[in-house]
Amino acid sequence: MSLDPALRRSAVGGAGARMACAYPRDYLLLCVSIGVQALILYSFWSAITVDRPDSALITTYSVTSCVLFNATLPWQFSSLVTKLKTGSVLFDLVRPLSLVEMNLWESAGLLAGRAPIILAGLLLPLSLRGVHSVLDIAWTVACAGSVLLGSLLTILIGQIISLTIVWLHDIAGVTMLYRVVSALLSGALVPLFLLPAWAQDISARTPFAAQLYQPVLLLSGAPRWDGLLSCLLNQLVWSTLAGIALGAIYRAARGSVEIYGG
Amino acid sequence: MADELRGYAVLLGASIRSALAYWQNSILGIVAALLTQGAQLVFLTVALSVFPVLSGWRLADVVLLYGVRMAAHGLFVVFFGGVIGTDVIVRSGDCDHMRVRPLSLPLQIMSNSVSLMAVGDLLLGTGSLGLGLWLSRGSLGATGTAIAILATLGGVCVEGAIQLFLASFAFRDVATLPVRILADGINSQLGGLPISIFPVGLQWLFFTALPVAYIAYLPLSLLRAGNGLLAFAASGIGIVLLTCAFYAVDRAARRYESAL
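Residue numbers (this note's numbering), protein chains in the order written: chain A, 870 to 1131; chain B, 14 to 273.
A few of these clues could be false.
Covered stretches of chain A (chain B as the covering partner; in silico rule of three or more C-beta atoms under 8 Å from a C-beta of chain B) [stated by the list, open to error]:
(1) 892-906
(2) 916-927
(3) 1053-1067
A few chain B residues that don't get close to chain A, going by computed Cβ distances all over 12 Å [what the hints assert, rightly or not]:
(4) 34
(5) 118
(6) 267
The set of hints was computed from the structure by calculation and includes no laboratory data. A virtual CB, placed ideally from N, CA and C, is assigned to each residue, including glycine.
With the hints as extra help, turn the sequences into a complete structure.
Pasting the structure below:
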């Protein structure tokens, strides 16, 4: 008897979601940690931008990006690294779902497990700016799609980076570099519009801005439907490119896996 | 007391040699520490170059605040690095050996292991402390410089006291690592910021339950206000807190039951 593919995917996704909620105390600590970070950023930006016209935008952006960045698997890499080192990847290779597919569904499950935090992040701009009309709520719902697409892009890039373990044996250096570059260029550290023009240009030419900065900026400001469309288009292009690259890298990596022992 | 310190130095030396055995790992750790901790300095520099004043504190003041906190953190990782493994020490039964050695338990826990990431923290800390002192040279003077250095040493004790106190709960069968990581994270994020920007309730918290305000903020804000003597006294609060934390660990360890 074999499970149909949809059932297999939902089983892996369900396991990811259960994993996210399996340790209530850790979950609570994650929420407290994100809340404290958000409070620190709120206090910081409110104090430093006091009496400035763009104070509300900067504060809303920073707090929202902090919550969404921490909740949507910012720098999380798959368990592939450990599996390859211990040889347990062998079991995954003989399963009827590919490694990449399993990792993607597991990440999707983790996101579902963190849905309450993500929802809180999406509602933050509404509570900070205030709800003026039904349009504000419709805008938040529309932007939620963009936030999730940005998260998908982050997951795809994370998978590409974790696959380099096949050739590098230790990816600590690569992940460190990625963390710093992505934190800077995705607007997670500082809103990109506060960076010098050259840094903003670099960010706009990479997938990093589409990961977090563009959706969160749209979510924090007044509704701009043309801006949302161009953001969605940009995210789709980068996600497609990342998906193609991931597929190619996975095929090459699969042929290079060597398992000793078992 | 001298014997205790000598014993601590011997164990710490052994831990450092053990960490040096994996030098590639150490180099990666140093780079990781520089990149991770340096991100906050980048954040502060960018923000304060666009908006020059943060609740009355200018870039030079904030860099000094960050430098004192970071240098204190670097020294903390060297001298208190082993505290991170307290949960494992208790659960694995390693505490059995520690309790029969002629050295106080907190000192043995502190010197149990050393991460050479501390070198990265120290490089960044001393570099930014030096930069902060240089940028504030006009307003600080010799006394101010001495107090900033004392505040750094006091900050090591405060951070050590917070982590040791939280680790003492490991003897009560509680997994303390997540809470200690949370406390460390709050300390890292607050370190370079004046506490006065936070709501009053939170400020109260940072002076009482999670006393991170004593690490750099209190001595430096008193110094800025021209109260050199009080700033000097505030730098010594760490010693009091550390003594209390040592007592808490010793007291909690009475509940220890061997796992072996």
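Verification of the supplied hints:
1. Only when three residues or more bring their CB closer than 8 Å to a CB of chain B does the claim for the stretch 892-906 of chain A stand; here the count is 7, and the claim holds.
2. For the stretch 916-927 of chain A, the stated coverage by chain B holds: 4 residues have a C-beta nearer than 8 Å to a C-beta of that chain, and at least 3 were required.
3. Counting residues of the stretch 1053-1067 of chain A whose C-beta sits closer than 8 Å to any C-beta of chain B gives 5, which meets the bar of three, so the coverage hint holds.
4. Residue placement check: residue 34 (chain B) keeps its beta carbon more than 12 Å from all beta carbons of chain A (closest about 17 Å).
5. Separation of residue 118 (chain B) from chain A is adequate, the least Cβ-Cβ distance of about 26 Å exceeding the 12 Å criterion.
6. Every CB of chain A lies more than 12 Å from the CB of residue 267 (chain B), the least distance being 26 Å, so the non-interface label holds.
In summary, this structure violates none of the numbered hints.
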